[in-house]
Amino acid sequence: MSESDVITLTYAISPDDFTRAGEASSDVKGKLKQMGVCPEAVRKVAIAMYEGEINMVIHARGGEITVNITPKQIEMILADAGPGIPDVELAMKAGFSTAPDEIRSLGFGAGMGLPNMQKYSDEMKIDTVIGKGTTIFMKVNILPAS
Amino acid sequence: MDKFYHSVRLNEELCKGCINCIKRCPTEAIRVRNGKARINSKFCIDCGECIRVCPHHAKHATYDKIDVLKQYEYTVALPAPSLYSQFNNLDDVNIVLNALLLMGFDDVFEVSAAAELVSEATRTYIDNNPDKLPLISTACPSVVRLIRVRFPNLIPNLLPLNPPIEVAAILAAQKAMKETGLPREKIGIVFISPCPSKVTYVKSPLGTERSEVDRVLAIKDMYPQLLSYMKAVGNDPADIGTSGKIGISWGRSGGEASGLFTEDYLAADGIENVIRVLEDMEDQKFLNLKFVELNACNGGCVGGVLTVENPYVAEVKLKRLRRYMPVARNHIGKEAEDYVHWTKEVEYEPVFSLGNTMMESFSRLNRVERLCKKLPGLDCGSCGAPTCKALAEDIVRGEAAESDCVYYLRESLHKLSEEVSILANDIAENNVEGYEMLKVMTEYIQRISDEMSLLDGRDEKENKENKERRQ
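Chain order of the listed sequences is A and B. Letter by letter, the first sequence follows residues 281 to 426 in this note's numbering. Letter by letter, the second sequence follows residues 4 to 474 in this note's numbering.
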């Protein structure tokens with residue numbers, strides 16, 4: 281793909297800084313609105329990416345998010361060098377959470393992160409290696425404006 | 004009426020072209036062009052922040068003057084609850100209401116009375132529509148306008164009820180026609196407003212086709228006159244007030260929500276805070292909330308830009324005033340359905356899209372990204388846009404040029420002068436044909452002087468203004 285066919289945005293997600301968590305997804309949201317993407321797709325990206333961003337801060341000591349935007353779809357690649365997910369199937373269950381108490385006290389850790397990422401993306405793939413890290417790939421399709 | 008009508012205006016003569024307003028505008032609606040501020044009417048939500056921050060008082064709101072009362076045979080004053088909070092040691096609303104009659108109004112109809120009906124209708128609406136929660140208050144017109152242009156996903160959460168000002172106007176007009184037998188056009192329904200946003204609402208309402216309010220006066224204009232009439236009223240005014248605690252509380256942030264008898268609410272005030280809450284709502288960060296009250300001004304309506312009292316002092320006064328009032332004195336009847344509910348949907352206006360089609364917007368966004376990397380990122384405002392990103396957006400929309408950036412200009416001047424000095428060296432060393440080189444050099448010098456005059460353009464204008472001022 282040539283440079284003009286895709287807009288690539290990269291965000292470094294800093295570890296343990298909750299005050300900055302959500303900045304990346306908020307930035308992407310603003311850009312998608314300027315692009316005239318239908319509100320529903322904007323919402324899906326905003327929620328899926330926000331949940332992923334929060335997960336990276338809580339569980340993986342940060343990482344990097346790459347977003348590739350084309351007029352047809354939004355790809356999000358969330359890569360971290362965290363502990364990995366031991367049981368992906370269990371982690372995908374609504375309500376399952378390993379978040380520590382101090383995180384729960386902030387209102388996070390309800391066990392809806394991964395389930396929501398699945399719910400709000402049109403495609404999702406998890407590559408995880410224990411002790412090495414996790415890369416999550418998500419895709420949201422942009423429907424042509426009606 | 005124009006769907007992007009605005010009550011916030013610029014007085015060109017007073018505008019110095021400084022960057023105070025462009026920096027503070029929450030929707031980045033203002034640019035300085037040719038030394039004067041320009042408001043983009045599609046982006047502006049009439050919140051009044053620019054009026055508040057302009058050190059030269061070049062921003063103002065349009066509203067009516069008291070002499071418009073002469074145009075009607077019968078007039079009804081609609082005082083906003085925030086009006087009561089402007090006076091020292093006021094312990095009885097009736098003093099204000101009677102003063103309004105002495106001023107020349109034929110009747111008064113408290114907006115706070117109508118507010119109690121809206122509170123009741125909201126409670127019913129919340130109970131009947133659990134799938135639409137949390138509902139967002141639609142009493143502040145600037146907030147509704149903000150959601151209309153920037154938060155399309157939250158439009159379904161808007162409470163589809165008329166604001167108290169509208170309900171009061173409908174009821175007041177009905178009452179006046181019944182009591183006087185006059186046709187509607189001879190009756191003037193006059194709102195006394197804390198903010199320009201309500202002026203905009205009246206001229207170009209959202210949720211209804213046409214507002215029943217005919218005229219809008221500003222609290223700050225009425226204040227000095229009202230004070231003297233209030234003295235004339237004395238300490239034993241006729242009891243004409245019709246509202247209770249709930250209605251009066253609407254004048255401050257959290258007041259509307261407190262009338263809903265639920266703890267599952269959030270109340271935010273101040274436009275920047277409102278935007279943060281809406282962003283978070285869009286990401287579904289709040290669960291189990293029934294109601295979200297949002298006011299563009301700090302402190303709520305008491306903080307409106309057309310009020311006179313410090314909003315936090317006003318809030319205390321409002322609290323004292325309602326101390327011994329009954330909870331509510333107005334209750335909704337069956338016929339209320341007709342005038343409380345919206346009759347027109349609010350539609351998303353994607354004004355912030357960079358282009359007309361998604362393909363165009365996409366390639367423009369791509370260019371914005373590349374431009375942002377090129378621009379200095381200092382957000383100095385010298386180009387007239389609030390941030391480098393905003394300048395990049397203006398450039399791709401065709402409304403600005405890269406050379407509007409003083410840093411860009413400075414850099415290209417440096418480059419040009421370096422090239423000239425290289426050329427001069429070449430000539431000195433006689434490496435090339437002298438005449439041809441001289442021609443090229445003349446071209447370079449011409450370009451330098453052209454770019455210099457772009458920079459000077461601004462200075463010349465300033466010099467001219469300074470000269471005029473001295474004369």
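Note that these hints are calculated values from the structure, not bench results. Hints are supplied without guarantee of correctness; some may be wrong.
Claimed, not checked - Restricting the straight-line Cα-Cα distance to at most 30 Å, the calculated cross-link-like pairs of lysine-lysine (DSSO-like) are:
#1 B:Lys376 to A:Lys419
#2 A:Lys399 to B:Lys45
#3 B:Lys288 to A:Lys352
#4 B:Lys377 to B:Lys392
Quick rundown of the hints versus the structure:
As the CA atoms of lysine 376 (chain B) and lysine 419 (chain A) are separated by approximately 26 Å, the hinted pair is consistent with the 30 Å bound. Annotation: proposed proximity of lysine 399 (chain A) to lysine 45 (chain B) is violated, straight-line Cα distance about 35 Å (limit 30 Å). The suggested pairing of lysine 288 (chain B) with lysine 352 (chain A) holds, with an alpha-carbon distance near 27 Å, which does not exceed 30 Å. Between lysine 377 (chain B) and lysine 392 (chain B) the alpha-carbon distance is near 11 Å, which keeps this suggested pair within the 30 Å criterion.
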